[in-house]
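K.L.:
With these hints in hand, go ahead and build the complete structure from the sequences.
Under full-length UniProt numbering, the first residue of the sequence shown is numbered 1, with each subsequent residue one higher.
Hints are computed from structural coordinates only; laboratory data are not their basis. Ideal Cβ positions, reconstructed from N, Cα and C, are used throughout, including at glycine. Errors might be hidden in some of the hints.
Unchecked claim - So the derived label-pair ranges between C-beta atoms look like this:
| id | residue 1 | residue 2 | range |
| --- | --- | --- | --- |
| 1 | 63 | 20 | 24 to 30 Å |
| 2 | 60 | 89 | 25 to 31 Å |
| 3 | 55 | 118 | 44 to 50 Å |
| 4 | 130 | 47 | 23 to 29 Å |
| 5 | 89 | 54 | 36 to 42 Å |
| 6 | 115 | 138 | 35 to 41 Å |
| 7 | 62 | 136 | 20 to 26 Å |
| 8 | 40 | 115 | 30 to 36 Å |
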Amino acid sequence: MTATTEQEPATDVPGRIRVEVGDQRVEQVVDDLKRTQIVMYAGASADFNPLHTDEVYAREIAGHPTVMAHGMLVMGLAGRVLTDWFGHENVRRFRARFQAPTWPGDALTVTATVTEVRDDSAGGRLAEIQLSCVAAPDRRVLAGSATVAVG
1 MTATTEQEPA
11 TDVPGRIRVE
21 VGDQRVEQVV
31 DDLKRTQIVM
41 YAGASADFNP
51 LHTDEVYARE
61 IAGHPTVMAH
71 GMLVMGLAGR
81 VLTDWFGHEN
91 VRRFRARFQA
101 PTWPGDALTV
111 TATVTEVRDD
121 SAGGRLAEIQ
131 LSCVAAPDRR
141 VLAGSATVAV
151 G
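P.N.:
The following block contains the structure:
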């Protein structure tokens with residue numbers, strides 16, 4: 001099993017990314033999630049749900065300690081680990097389940113692990129990836145999976 005932190009996909013054959021089952025990338029994608037990032041995402045996504053934007057609503061009406069980050073913001077941060085490792089053009093499928101709220105101030109670490117490498121019907125190769133995003137110290141906020149082309 002190897003861990004990689006390379007920005008370019010590891011390859012020894014043009015058009016093929018070298019991976020094997022057990023390969024893993026661990027990346028801290030945010031060291032301190034800022035309210036500004038949440039507000040910027042709200043604007044970009046046009047999702048102004050008060051759970052994400054209104055402190056009084058989040059605390060007094062919804063009963064949360066504060067506003068929470070959008071699940072899709074967290075999914076996008078996790079997806080960046082995939083695209084940094086395999087390239088945007090190679091991501092074929094990406095799914096995620098939100099498992100716990102993400103709060104301002106959270107540090108988020110994504111772990112992506114190769115669980116399968118197989119040939120596809122078109123003569124290429126695909127890798128299955130499991131992803132987990134954890135808010136420090138040990139609160140899993142997202143679990144996901146992806147299929148990427150590796151050759």
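K.L.:
So, for every hint listed, does it hold in this structure?
P.N.:
Against the structure, the hints:
1. For residue 63 paired with residue 20, a C-beta distance near 46 Å fails the hint of 24 to 30 Å.
2. Distance hint check for residue 60 and residue 89: the Cβ-Cβ separation is about 46 Å, which falls outside the suggested range of 25 to 31 Å.
3. Look at residue 55 against residue 118: about 48 Å separates their beta carbons, and that is inside 44 to 50 Å.
4. Our hint of 23 to 29 Å for residue 130 and residue 47 holds, since their Cβ atoms are close to 27 Å apart.
5. Between residue 89 and residue 54 the Cβ separation comes to about 39 Å, which falls inside the hinted range of 36 to 42 Å.
6. Checked against the hint of 35 to 41 Å, the C-beta distance between residue 115 and residue 138 comes to roughly 22 Å, which is inconsistent with it.
7. A hinted range of 20 to 26 Å holds for the C-beta pair residue 62 and residue 136, which are about 24 Å apart.
8. Our hint of 30 to 36 Å for residue 40 and residue 115 holds, since their Cβ atoms are close to 33 Å apart.
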